[in-house]
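Peer 1: Here is what each chain is made of, one letter per residue.
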Amino acid sequence: PNVIQLIYLVATGFFIVGIRRLGSPATARSGNQLASIGMLIGVAVTLFDQEIISFEFIVAGVVIGAAIGVFAAKKVQMTAMPEMVAVFNGFGGGASALVAWGELARLNPTMFDTQSLITTGLSILIGSITFTGSFIAFGKLKGFIGGGRIALPGQNIINLVLTAVALFLVGWFTIDPANQVIFWSLFGLALLIGVLTVLPIGGADMPVVISLLNSYSGIAASMAGFVLGNNLLIISGALVGAAGLILTNIMCKAMNRTLTNVLFGAFGGGEEGPSAIG
Amino acid sequence: MEDLIFNLFIFVLASFIGFELISKVPPTLHTPLMSGANAISGITLIGALIISGATGGAFSHWIGFAAIVFATINVVGGFMVTDRMLEMFKKKEDDQ
Chain A
1 PNVIQLIYLV
11 ATGFFIVGIR
21 RLGSPATARS
31 GNQLASIGML
41 IGVAVTLFDQ
51 EIISFEFIVA
61 GVVIGAAIGV
71 FAAKKVQMTA
81 MPEMVAVFNG
91 FGGGASALVA
101 WGELARLNPT
111 MFDTQSLITT
121 GLSILIGSIT
131 FTGSFIAFGK
141 LKGFIGGGRI
151 ALPGQNIINL
161 VLTAVALFLV
171 GWFTIDPANQ
181 VIFWSLFGLA
191 LLIGVLTVLP
201 IGGADMPVVI
211 SLLNSYSGIA
221 ASMAGFVLGN
231 NLLIISGALV
241 GAAGLILTNI
251 MCKAMNRTLT
261 NVLFGAFGGG
271 EEGPSAIG
Chain B
1 MEDLIFNLFI
11 FVLASFIGFE
21 LISKVPPTLH
31 TPLMSGANAI
41 SGITLIGALI
51 ISGATGGAFS
61 HWIGFAAIVF
71 ATINVVGGFM
81 VTDRMLEMFK
91 KKEDDQ
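As they're listed, the protein sequences go chains A and B.
In case it helps, our numbering puts the first sequence at residues 1 to 278.
In case it helps, our numbering puts the second sequence at residues 1 to 96.
Do not take every clue at face value.
According to the in silico footprint, chain A covers these stretches of chain B (three or more CB under 8 Å from chain A) [unchecked claim]: (1) 7-19; (2) 38-52; (3) 70-78.
Cβ pair distances, simulated, as ranges [to be verified]: (4) B:Phe6 to A:Glu51: 18 to 24 Å; (5) A:Phe168 to B:Leu13: 28 to 34 Å; (6) A:Leu167 to B:Pro26: 16 to 22 Å; (7) A:Thr110 to B:Trp62: 18 to 24 Å; (8) A:Ser185 to B:Phe6: 28 to 34 Å; (9) B:Pro26 to A:Ile157: 21 to 27 Å; (10) A:Ser30 to B:Leu13: 42 to 48 Å; (11) A:Gln77 to B:Phe16: 35 to 41 Å; (12) A:Phe71 to B:Thr28: 24 to 30 Å.
Everything labelled a hint here was simulated from the structure, so no lab data went into it.
Cβ atoms here follow ideal geometry from the backbone N, Cα and C, with glycine treated the same way.
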């Protein structure tokens with residue numbers, strides 16, 4: 001296990017250098033390649049984890065996932081890149097929620113300590129928001145859903161209240177983890193929040209939203225790392241979460257906007273997306 | 001409890017590194033950087049591997065299986081589209 005941890009440390013190094021190099025034009029491509037090597041190292045060494053005893057599901061899942069990923073990545077038009085990234089990001093966030101749920105289903109929830117329960121709840125919450133939010137962002141960019149701003153009166157307040165309720169449910173889940181009603185309410189509400197928070201945002205602002213959702217999926221992965229006690233997950237998730245937030249900020253500045261304005265601007269007055277009516 | 005403190009330490013320190021890693025990114029790199037970072041967040045794949053491969057009931061194995069499919073799409077697709085974008089970027093630079 002110590003050897004695995006040390007190799008995880010190597011993978012972390014690849015990710016850090018990779019992200020750094022992705023930020024500059026001359027080195028960006030090598031940065032992406034370094035990050036992918038880090039991923040390969042991390043995945044390969046995890047297969048030697050003593051906890052893993054069966055490989056049927058792993059082989060089948062990786063083959064199917066890789067086939068879909070390769071197909072999508074080769075097919076996509078250059079002009080459709082932001083929505084493609086949104087889809088990939090949605091799957092990543094969904095995977096983190098599933099990992100937390102799977103760990104809960106695998107073990108007896110009453111055996112979890114408080115730390116694991118809080119992070120399980122947060123991983124499901126943030127991962128599910130990322131999942132539906134990313135697909136709504138995809139739909140908006142593709143034009144399946146009106147590109148303009150769609151919002152109910154008081155949408156921002158509704159969203160804030162729902163988010164507060166969701167956090168309350170995370171707390172309740174921590175106290176009573178075996179309660180199926182609480183668990184499913186949390187899951188369902190999180191999926192709904194993802195839809196409702198992205199739906200009111202104009203199509204022109206979608207890249208910023210996708211960048212923010214990308215940061216969320218990093219945090220969701222990090223939370224899943226807390227659940228599993230896995231350092232590589234915690235570190236890589238935190239790196240993406242933080243770097244994603246900085247990038248979101250940079251993208252807002254490039255558009256002369258603030259993040260609050262993008263997220264809650266549906267009724268900000270004066271400022272409208274290119275197609276104001278959805 | 002010690003585990004929690006230790007994990008929080010690495011979470012916070014890694015976040016600080018993440019905050020410092022990028023600055024002044026040219027607009028043409030916004031999407032590729034987002035895409036590359038997104039592929040890294042597919043690291044949750046290693047969590048999915050453990051869920052579906054470790055002892056547990058059929059139900060948790062199926063959840064783990066779904067998580068593997070999702071995360072692998074994120075990782076493989078993410079790194080590949082990032083490379084495609086950056087490849088084009090390179091060509092455009094050469095043309096000029």
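Peer 1: Now look at each hint and say whether the structure bears it out.
Peer 2: Verification of the hints:
1. 7-19: holds (count 10)
2. 38-52: holds (count 15)
3. 70-78: Since three or more residues must qualify, the claim that chain A covers the segment 70-78 of chain B holds, with 9 doing so at under 8 Å.
4. B:Phe6 to A:Glu51: 18 to 24 Å: Check passed, 20 Å falls within 18 to 24 Å.
5. A:Phe168 to B:Leu13: 28 to 34 Å: holds, 30 Å
6. A:Leu167 to B:Pro26: 16 to 22 Å: With a Cβ separation near 37 Å, Leu167 (chain A) and Pro26 (chain B) fall outside 16 to 22 Å, so the hint is violated.
7. A:Thr110 to B:Trp62: 18 to 24 Å: At roughly 22 Å between Cβ atoms, Trp62 (chain B) and Thr110 (chain A) fall inside 18 to 24 Å, so the hint holds.
8. A:Ser185 to B:Phe6: 28 to 34 Å: holds, 32 Å
9. B:Pro26 to A:Ile157: 21 to 27 Å: violated, 38 Å
10. A:Ser30 to B:Leu13: 42 to 48 Å: Since Ser30 (chain A) and Leu13 (chain B) have Cβ atoms about 26 Å apart, the given range 42 to 48 Å is violated.
11. A:Gln77 to B:Phe16: 35 to 41 Å: holds, 38 Å
12. A:Phe71 to B:Thr28: 24 to 30 Å: holds, 26 Å
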